[in-house]
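Visitor: Please build the complete structure, drawing on both the sequences and the hints.
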Amino acid sequence: MSDHSIFLGAVAYDPKVVTIWEGIRDYFRDAGVPLDFALFSNYERQVETLLRGHIDVAWNTPLAHVQVKLRTSGRSLSLGMRDTDCGFRSKIVVRKDAGLRRLADLRNVTLAVGSRDSVQARILPLYHLKKEGLDLVRQRLLKFDTDLGKHGDTGTSELDVLAALHDGRAQAGAVGDLVWATEQSAGRVDASKVEVLWTTPPFNHCMFDALPGLAPEKAAAFQRALFAMRWDHPAHRRLLELEGLREWVQPLEEGYQDLYAALESDLP
Amino acid sequence: MTTPGAASTGAVAIEGGDLPLGGGLLAVVRPALDLLEPGGVLAVLSLSPSVAQDLPAWCRLERHHYLGSEPLPDGRTRHLVERGRHSVPQGAREESISLPRRSGRLLSADLLAAVPMPGHADASTGFAPRGARVEPGGPVYPFSLLDRDRVAPPEVAQLYDQAVASQWDATRDIPWEKVKPLPPALEQALGQIMTFLAENELSALYVPSRFLPRIHPAYVEVAMFLASQLADEARHIDVFLKRARAGGGGLGISSVTTSQSLLSLLQLEDFTEAAFLLSVLGEGTFLDLLRYIERYAPDEPTAELTRRARLDEARHVHFGLAHTKHALSHDPTLYGRLEAAVRRRAATLSNAGGVPAPIQDSLTILAAGGNDPRSVARGHQAFRDLLETMHDQRVKRLLTGGFTPEQAQAISDLHTPNFM
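For the protein sequence lines, the chains are A and B, in the order given. When the letters of the first sequence are read in order and numbered with numbering that gives the first Met the number 0, they come out as residues 0 to 267. When the letters of the second sequence are read in order and numbered with numbering that gives the first Met the number 0, they come out as residues 0 to 419.
It is worth saying that the hints were derived from the structure and are not from the lab. Some clues are possibly wrong.
Pair ranges (Cβ atoms, derived) [what the hints assert, rightly or not]:
#	chain 1	residue 1	chain 2	residue 2	range
1	A	S4	B	G16	55 to 61 Å
2	A	T71	B	F126	49 to 55 Å
3	A	P211	B	E94	54 to 60 Å
Not close to chain B: a few residues of chain A, all C-beta gaps over 12 Å, as computed [as the list claims (entries may be wrong)]:
#	residue
4	H3
5	A11
6	P14
7	V16
8	E21
9	Y26
10	E47
11	T109
12	L141
13	G212
14	A220
15	P250
These stretches of chain A come out as covered by chain B in the derived footprint (C-beta under 8 Å, 3 or more residues) [claimed, not checked]:
#	segment
16	84–98
17	175–182
Glycine included, C-beta positions come from ideal geometry on N, C-alpha and C.
Guide: This is how it looks when you write it as structure tokens:
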């Protein structure tokens, strides 16, 4: 394998990940930037592999990104993110028949939450609810710890939360705003049964991470090819759609502060 | 409210009532945003408190910009959404199309006149019907016939209208009850002729079908006409095979000459060459053959089915001629290419003698009304006259198509002895 090629890691949370990265690899090759990739079954292994220098770039969830930052004393390089990764929020969705008017009312009901490594469906909503005064030790939680290691990428636990709300196993639940909007947009949310009670402050999501020692020309080539992908180009669009974005954007480092704080905080 | 139809960068306001976003509001928000170009602003007037929670998230999902909200004195809230630049489609919506009714009928030809075909088509518009707005960034389809002047003669929609109005039923529309046993020689001759016709019509079914998926849907009337042509050929195959067996005679022989001739049609890669060789020369020659069979038909069912098939074939010839003539008028070098195609085909068939013997003999027996030697001479003369008629008519058709008398003569002489 040529030293010039960029070796990227991604987590195989879905079969489509193979299609995405084979497509992006071919696109990078055509753009004169040789790239290869390895797929991991979980983000913990991917982060370790990056930190040992076995891969050049890791396509990381916010949780993995923050872990890399912490392990490199903030020196790791952030190379880019999706347009969708900026301004993420979580929604506290409630059953309309539960009579919940404000966050304090949640203490009397069951709150459904997603996987414990899902930033949008567990970590940040619980962090913010705690900050808003909710006693999480006494809070009745319905936890959907599915697809652990995937950091909520599959969205399965968020759909579990919505299903629990619809069928009454929970009166409140936490989901990411994109899953909420997608499910509403597709007509899969019963607006007569559930609605949003509260929305968290914004946070940022996935990031391409690299070690500080990544050759500057590799980092520059990676960003040049990445940011040249275009939504109105048929071949690019197919890949962008699969990866859930319309354009890659410059990394925004602010937007992870709440997550750092949440990891310091004792959350159930 | 701005005028519907023209996309605008201005502002549009819609009334959302008390609809929640996930309870129907999107069905009015999305079409309203479609009226705006990127940067245009939509005001959503809403009585639903949940919209304030849901609209920003939906805007993020769809890459619109949620600009904020303000309460109105009447209790509603005005939410402002700026259309994002990645949200398409763009361009004006098709409208104000006026289609005439002719005695209550709505003709495809009038629709074509109202929504004309583009000179060149873009393969990335896929199966989007002509006139629809197409979101950019779609996949490129493998259509290769992208130029109107190579694909679509102006009269194609009229021919399609005629084709649809002229469909008939090989099961019901032939007086099958009138088929009676014929003398064995005549029955066998008829079986052979019907075998030959069905075999040739099979090629006429398969050859155009190869080009159908190459035609860009902007020229859908051509695809629709070809579909009618394929339905015609299917019916002809059906009716010829029924006639071969209805009298108990059964099928005859498929000759190598016929098989070679038809394979050379199936191998054509150019739509105009195929239309010329199959429809103008092949089916054109078949018109005379069918007229001959109709004239000497031993019974009414045979005469009726050949008459009906001939009327269909005349339409195919008309389309082939119109196609060739139209293409020739836009590309004078096509004369040479078509002549070369005829020569190439003739070269591959150079080992073929004349008309395949089984069909030659059967056409003779048919015209003679049997194998009585006293009548066969008359039948033989009729067959010779047929060959002459075919040649004369081919030359006439070629002259109509715009060929010079010398070209027409040469091309007709080179035409396959298999007729098709």
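Visitor: Would you mind marking each hint as holding or not holding in the structure?
Guide: Taking the hints in turn, this is what the structure says about them:
As the Cβ distance of A:S4 to B:G16 is approximately 57 Å, the hint placing it in 55 to 61 Å holds. The hinted window of 49 to 55 Å between A:T71 and B:F126 holds, with their beta carbons roughly 51 Å apart. In this structure, A:P211 and B:E94 meet the distance hint of 54 to 60 Å, their C-beta atoms being roughly 59 Å apart. For A:H3, the requirement that its beta carbon stay farther than 12 Å from each beta carbon of chain B is met, with the minimum near 31 Å.
No beta-carbon of chain B is positioned within 12 Å of the beta-carbon of A:A11; the least distance is around 25 Å. Residue placement check: A:P14 keeps its beta carbon more than 12 Å from all beta carbons of chain B (closest about 20 Å). Its beta-carbon lying about 21 Å from the closest one in chain B, A:V16 satisfies the requirement of being farther than 12 Å from that chain. No beta-carbon of chain B is positioned within 12 Å of the beta-carbon of A:E21; the least distance is around 17 Å.
No beta-carbon of chain B is positioned within 12 Å of the beta-carbon of A:Y26; the least distance is around 15 Å. With a least CB separation of 33 Å from chain B, A:E47 remains clear of the 12 Å interface cut-off, as annotated. With a minimum CB-CB distance of about 21 Å to chain B, A:T109 clears the 12 Å threshold, and the non-interface call stands. Under the 12 Å C-beta cut-off, the non-interface status given to A:L141 relative to chain B holds; the minimum distance is some 22 Å.
Distance to chain B confirms A:G212 as a non-interface residue, since its nearest Cβ pair spans about 35 Å, more than 12 Å. Distance check for A:A220 against chain B: the nearest CB is about 25 Å away, which clears 12 Å, and the non-interface claim stands. Distance to chain B confirms A:P250 as a non-interface residue, since its nearest Cβ pair spans about 19 Å, more than 12 Å. With 3 residues carrying a beta carbon less than 8 Å from a beta carbon of chain B, the segment 84–98 of chain A meets the three-residue requirement, and the given coverage holds.
Proximity of the segment 175–182 of chain A to chain B, defined as three or more residues with a beta carbon under 8 Å from a beta carbon of that chain, is established by the 6 residues found.
Checked against the numbered hints given earlier, this structure breaks none of them.
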